[in-house]
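A.B. asks: Residues per chain are reported as follows:
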Amino acid sequence: MLPAPPLIEARTVVKRFGALLANDHVDLSVAEREVHALLGENGAGKSTLVKILYGLLQPTEGTLLWQGAPFSLRNPAEARQRGIGMVFQHFSLFDALTVAENVALALDGNESVARVSDRLAEVSRAYGLPLEPGREVWRLSVGERQRIEIVRCLMQSPRLLILDEPTSVLTPQECEGLFATLERVKAEGCAVLYISHKLEEVRRICESATILRHGKVVGNCDPRQESAASLAEMMVGSKVAPARHDRLTTAGEVRLAVTGLSLPSPDPHGTSLREVGLEVRAGEVFGIAGVAGNGQDELFAALSGEMLAEAAGTIRIDGVATGRLGINARRLMGGAFVPEERLGHAAAPAFRLSDNALASGHATNGFVQRGMIDRAATRVWVERVVKAFDVRKGPRDPEAKALSGGNLQKFIVGREILRNPRLLIVSQPTWGVDAGAASLIRQALIDLSRSGAAVLVISQDLDELFEIADRMAVIFHGRISSPLDTEGLRREAVGLLMGGAGFAADAVDEAA
Amino acid sequence: MRIVLTRRDDAPAWMALVSPLIAVALTLLSGAVMFALLGLDPLKALGVYFISPISDGWALQELAVKATPLILISVGLSLCYLSNNWNIGAEGQFVMGAIFGGWVAIATHGAANGPWVFPAMMLAGMLGGAALAMIPAILKTRLSVNEILTSLMLVYVAELLLDWLVRGPWRDPKGFNFPQSVMFDKEAQVMRLMADGRINLGTPIAIIVVVIAAIMMARTLKGFEIRLVGAAPRAARFAGFDEKRLTWTVFAISGALAGLAGIIEVSGTMGQLQPSVSPGYGFTAIIVAFLGRLNPIGCLIAGVVLAITFIGGENAQISLRLPLDVTRVFQGMLLFYVLACDAVLNYRIALVRTGGAAA
Ligand SMILES: Nc1ncnc2c1ncn2[C@@H]1O[C@H](COP(=O)(O)OP(=O)(O)OP(=O)(O)O)[C@@H](O)[C@H]1O
Ligand SMILES: [Mg+2]
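Protein chains in written order, with the numbering used here: chain A, 607 to 1118; chain V, 125 to 483.
Calculated from the structure, these hints are not laboratory results.
Every residue, glycine too, gets a C-beta built ideally from N, C-alpha and C.
Every clue listed holds true.
Computed cross-link-like contacts, EDC-like style, restricted to lysine to aspartate or glutamate with a CA-CA straight-line distance of at most 16 Å:
no., chain 1, residue 1, chain 2, residue 2
1, A, K804, A, D1067
2, V, K346, A, D980
3, V, K346, V, E367
4, V, K368, A, E912
5, A, K804, A, E780
6, A, K1007, A, E947
Okay, the calculated beta carbon distance ranges per label pair:
no., chain 1, residue 1, chain 2, residue 2, range
7, A, G1000, V, A140, 13 to 23 Å
8, V, A342, A, R830, 52 to 62 Å
9, A, D1003, V, L469, 17 to 27 Å
10, A, A675, V, S154, 40 to 50 Å
11, V, L285, A, A935, 38 to 48 Å
12, V, L285, A, T865, 52 to 62 Å
13, V, I336, A, D996, 37 to 47 Å
14, V, L469, A, R617, 29 to 39 Å
15, A, Q1049, V, M258, 47 to 57 Å
16, A, A834, V, A342, 46 to 56 Å
17, A, E1098, V, A342, 54 to 64 Å
18, V, L469, A, V926, 46 to 56 Å
19, V, M258, A, T865, 39 to 49 Å
Next up, chain A with everything else stripped away, as it sits in the complex:
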């Protein structure tokens, strides 16, 4: 008997965006029931390739084979009919609608919402993915939203499930849940194509991997036989060094002081800040750990000045009360800010990079003279950021949305660091960034602090905080723990705090 042909195969697929070769004669094959990883640096062409497999982009050249027979996809609906499901990193859900209504809209049938709701409950029970069909989407966490997308795919009994960076938005517990689901899905006879920058989890769940570099396949391997370091090396083509971190010898004066900051969240489903207090000194990296949704967004908004505090004295920069000052006044005092959400918050998707440089730098970078924009200056600035942070972009001044996720992240971090701020507040600095670039960004944060700036990093990634922070605190239900020295700190201690142990009893009560 002949060996069974692979479930899906891409042969010499080429995809061009203008002059840019995003996929350069790529071969990929995924066997039945296989969990296959697609690895590569930011901008290597991973998302482009899976969008082709899902019918969202048309290949410039090349063929696709399904169980050995050539086929083509004109749109995602055709892909779904064949049994290909895809979960995107950024979901397309309507907040005001219920879970069942969202799923009914996305299915290619005209089933009644009631019927969809029944089937949805059935599937979510069968796979151990708890979801209430009648709940509105805005009430749900990111993990639950992703569950909707997964269940929607599973309801169409897929043969191949594609996941593009599914875990970069999940908490560790939610990740465990996802892995358990993938086990089930595989047992049901479905193959999985999995994109992730987290190499440890790839080693854990994937049986084979295809590695892309600059749009070309540079290797195939069994990740279980490799180490995270050797995988990273294959992706980058050279060794990836962890961030170099000297012991902090002398912390300087207090640069950012927050005392008794309480702030009700404007969003009815947000977390209010309660009596937050912390100090960040010149020369140090201070980490805020915590499970997503514990007030990180509100803390960032309050510190950046996007949301004003009730009393000016609750936030001080260099001793000056800034609680009632807007974000540009704080920038003029030496502050710089990097929000968590790249597209839509840190950058306007349809605006060019030079315009996005103008957006955060118009008050401080001399881009504006007497109300008139100096376009040449913004373009020069973009080139400087691109060079210093190795941002790979196609054309000279592309729109932000044309950059791959990780390259845009390098741009928005680099845009702030290159200004040499005295105080940098950054949320999730290496979200969806490949190993090499993550190390570059972390090193830049450490170097900035050592040159005398105060750096506050809000991150859900404990490994990251242990790598770069000198001190850290935990945020839980809008409260912040007392600071802990990273040196000699046990991860379990931080884990307990993240679960709420050690916080005042009333804070834990509210959790219940």
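Guided by the hints, dock chain V with the ligands onto chain A, whose structure is given.
C.D. replies: The following block gives chain V with the ligands in isolation, referenced to the frame of chain A:
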């Protein structure tokens, strides 16, 4: 079967410019079909509509007079629409400008007045338009009231106020009981530019406004702010721009420009206040703004195109005995095709068979 629209990421930039041209072509084509169905020679009828308004010097002057208010208003509306502020009450702001500016003319009527009267009227007109536009802006920012409804409803308030004024307190005592105000003094009328024809100072003013707005949108931080607030409000907040204050600013500017158009129209072409002072310039300017891609220069071109339909309509009424409503049909078709072309060019349209697929 159902229709699915998916956004094209690869729509080239030149499409934004070609799409209005296609829309104009389709409008002409549909117009030809419509005339044929009405039993008219399509070529001759289209000639009356679209060629006669640009056929001689006098007609061109008329064209400028009609295009001027459309351009002034649509430039202001573009600023609103770009920043996600849906002011559709420019018609009312136009009328309010006419009332405020007209008040200056009526109050100084017959008195020995100097060259300051006309600038004062323009200022008052801008103030009137801006004041009316601020109502929806304040309601929106303070109470989150939808500005589409409030700005539209205020149109009727302004129109009824004018109607009452010219029938009541401001009626010309020597006007044989006609509902109209006194004729404005010579100092209170917009300066005519030519001896034979009605082109007046309003047209150069509109062109200056277009130039200023074009520079503002392309080169200044304010223009950048307007675009950013409309395209990505959260990113605009991160940039430190105040969305609410901007709402006030763009409503004030667009109201002032509509009010300016109103007083120019009244003092330039009518010379007095009448119960109705606009053939719908404030609404037609919405079409102009979109046809002009919310771009000041685009509004200048689109304003001329729409002015042609106004004059063509009047000519057709006389020489083809067609009702004036045909003008509205043309304007409606144009807006329809502009929006449709945008949809077709920016979205991939697919028919999806339903049923059975979700097994
Ligand atoms: N619509 C587009 N227009 C132009 N260039 C594009 C477009 N989409 C992607 N690119 C470019 O194609 C290259 C590959 O992008 P892709 O999104 O596939 O990368 P990726 O491997 O998914 O990276 P990441 O890990 O950062 O998400 C990048 O250089 C990107 O800038
Ligand atoms: Mg990607």
